[in-house]
Amino acid sequence: MRSLTTRLILLPVLLLAASASAADKPNVLFLLSDDHSYPFLSTYGSPNVKTPVVDRLAAEGMKFHRFFTGAPQCVPSRATLMTGRSPVAARMTRFSAPLPRDEVTLPELLRSEAGYYTGICGRSFHLDGATKTGPSSAQVFEKHHLKTFADRVDFLNTCSDNEVAGQLAAFLDKRPAGKPFFMWANFSDPHHAWNAPAEFRPDPASLTLPAHWPDLPGMREQLADYFAEVNRVDRTVGVVLEELKKRGLMDSTLIIFCGDNGAALPHGKGSLYDPGSNVPFVVRWPGVLKPGGDSRALISGEDLAPTLLDAAGVKPGAKMSGVSFLPLLKGEKHTPRRHVFVERGPHGSAPVTVNMTNAGYDLGRAVRSDRFKFIYNCTPWLPYSPVDSAGGAGWREMQEAHAAGKLSAGLRATYFTTPRPVYELYDLEADPSELNNLSGKPQFAQVERELREALAEKMILDWDYLPLPDLMTGDGGQARKGKGKGKGKGKTGK
-14 MRSLTTRLIL LPVLLLAASA SAADKPNVLF LLSDDHSYPF LSTYGSPNVK
36 TPVVDRLAAE GMKFHRFFTG APQCVPSRAT LMTGRSPVAA RMTRFSAPLP
86 RDEVTLPELL RSEAGYYTGI CGRSFHLDGA TKTGPSSAQV FEKHHLKTFA
136 DRVDFLNTCS DNEVAGQLAA FLDKRPAGKP FFMWANFSDP HHAWNAPAEF
186 RPDPASLTLP AHWPDLPGMR EQLADYFAEV NRVDRTVGVV LEELKKRGLM
236 DSTLIIFCGD NGAALPHGKG SLYDPGSNVP FVVRWPGVLK PGGDSRALIS
286 GEDLAPTLLD AAGVKPGAKM SGVSFLPLLK GEKHTPRRHV FVERGPHGSA
336 PVTVNMTNAG YDLGRAVRSD RFKFIYNCTP WLPYSPVDSA GGAGWREMQE
386 AHAAGKLSAG LRATYFTTPR PVYELYDLEA DPSELNNLSG KPQFAQVERE
436 LREALAEKMI LDWDYLPLPD LMTGDGGQAR KGKGKGKGKG KTGK
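Under the numbering used here, the first residue of the sequence shown is numbered -14, with each subsequent residue one higher.
Hints are supplied without guarantee of correctness; some may be wrong.
Stated by the list, open to error - Below, a list of computed lysine-lysine pairs in the DSS-like style, where the Cα atoms sit at most 25 Å apart:
no., residue 1, residue 2
1, Lys159, Lys132
2, Lys164, Lys315
3, Lys10, Lys318
4, Lys231, Lys275
5, Lys315, Lys300
What the hints assert, rightly or not - Label pairs and their in silico Cβ distance ranges:
no., residue 1, residue 2, range
6, Pro161, Gly277, 31 to 39 Å
7, Leu413, Leu234, 38 to 46 Å
8, Thr320, Pro195, 27 to 35 Å
9, Gly151, Gln428, 55 to 63 Å
10, Asp188, Glu98, 44 to 52 Å
What the hints contain is simulated information worked out from the structure, not anything from laboratory work. The beta carbon of each residue, even a glycine, is placed where N, CA and C say it ideally should be.
Hey, can you work out the whole structure from these sequences and the hints?
Written as structure tokens, this is what we have:
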């Protein structure tokens, strides 16, 4: 009897300990859409899309308005998400490069330090490199064993969007009993090609357009095609979540929905304007995160890995530059970021040509604070061209409108100034579409100087290969004369 009584007394304690253990090491499902700009979820108030599934995740958790990926392109942005480092620091500066073997990733640390069962499924995760340039590059990959992710995770299987739920099921079936899991599920939508069925497509005439997209018929048609894909990925996410529900895992899983970079439209993907790297970010974590959270804190893609490691009780990797925002999720005191940084590098696998006029090759850096954005264009002689949408009706009609003198001054300056300005500065409160460049204006000189210094500090600490921006040491921000002998002694920003 005494033994039975003791067991009954201890039972609540044991159950509490088991519950605490599960909370200490939550399951993690990371859902990543492709080419998905903020604010294109209806939970953010966008009238152009209908996303009830992700809206519910937001209602039961927290939505973030100012989450910025490390780059406006898929390969470098995903490198940042997985390494907690900038693309340059992680040496992912060439679009088709594989992640170096000595870069330690989030799933590796979850597995080795916290006993997680880890996996990746869905669309290509983009971090094992590409060999589209021919058999010689494929031979180099094979000879030097450059594809590493089969070793970094327990489960790896790329598939179409409609197979993600099945792959999640296969992953969970293989999970050893008692192990927490981490699954990174990738979706193609809303990436090109835009081919969602008519049931998902809004009426082009009903759409609301921001100032950086001129109201042209071709632009409306393209946007309707794009928003159809956003609506479709929401339904696909719902099917994936049903798999968790069937297994009773919804309440023990930290779920994140995020975009990898912005929409493949002018001002979006490949650009250093906000729509290129500001993406949806929604977190649901029952028992930890209070429902209905709404954050405007600046969050970087570099912060994802340190935060999830923190949630699992694991210290961040020694080289990670991101900062955990776990206190923000828990409703505790959180020191917000002052800046986020974004890096633009080459896009695609095409070689450089003498007459290159597309967006394949472009180099630039940006830093954003709560109110201001500073852009440093390092290849200003190249005309602006939108990534993955230069052949679309929207861009074609914009070019025609420009030739006919029908575009506004802001749109003309943003899209059709050649050479482009080396430096751009925007007041995001007064000019959220970033159409009025304030760089060089005396009344904003102090703001611009501080942002240049913050960017220079980041570039130095990341061992960036690009020249540092001019630090405005008495010349108003203009390039110094002579042979680069200016002293440039300025206190770097934090």
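Here is what the structure says about each hint:
no.	hint	result
1	Lys159 to Lys132	23 Å, holds
2	Lys164 to Lys315	23 Å, holds
3	Lys10 to Lys318	22 Å, holds
4	Lys231 to Lys275	24 Å, holds
5	Lys315 to Lys300	18 Å, holds
6	Pro161 to Gly277: 31 to 39 Å	36 Å, holds
7	Leu413 to Leu234: 38 to 46 Å	39 Å, holds
8	Thr320 to Pro195: 27 to 35 Å	31 Å, holds
9	Gly151 to Gln428: 55 to 63 Å	58 Å, holds
10	Asp188 to Glu98: 44 to 52 Å	51 Å, holds
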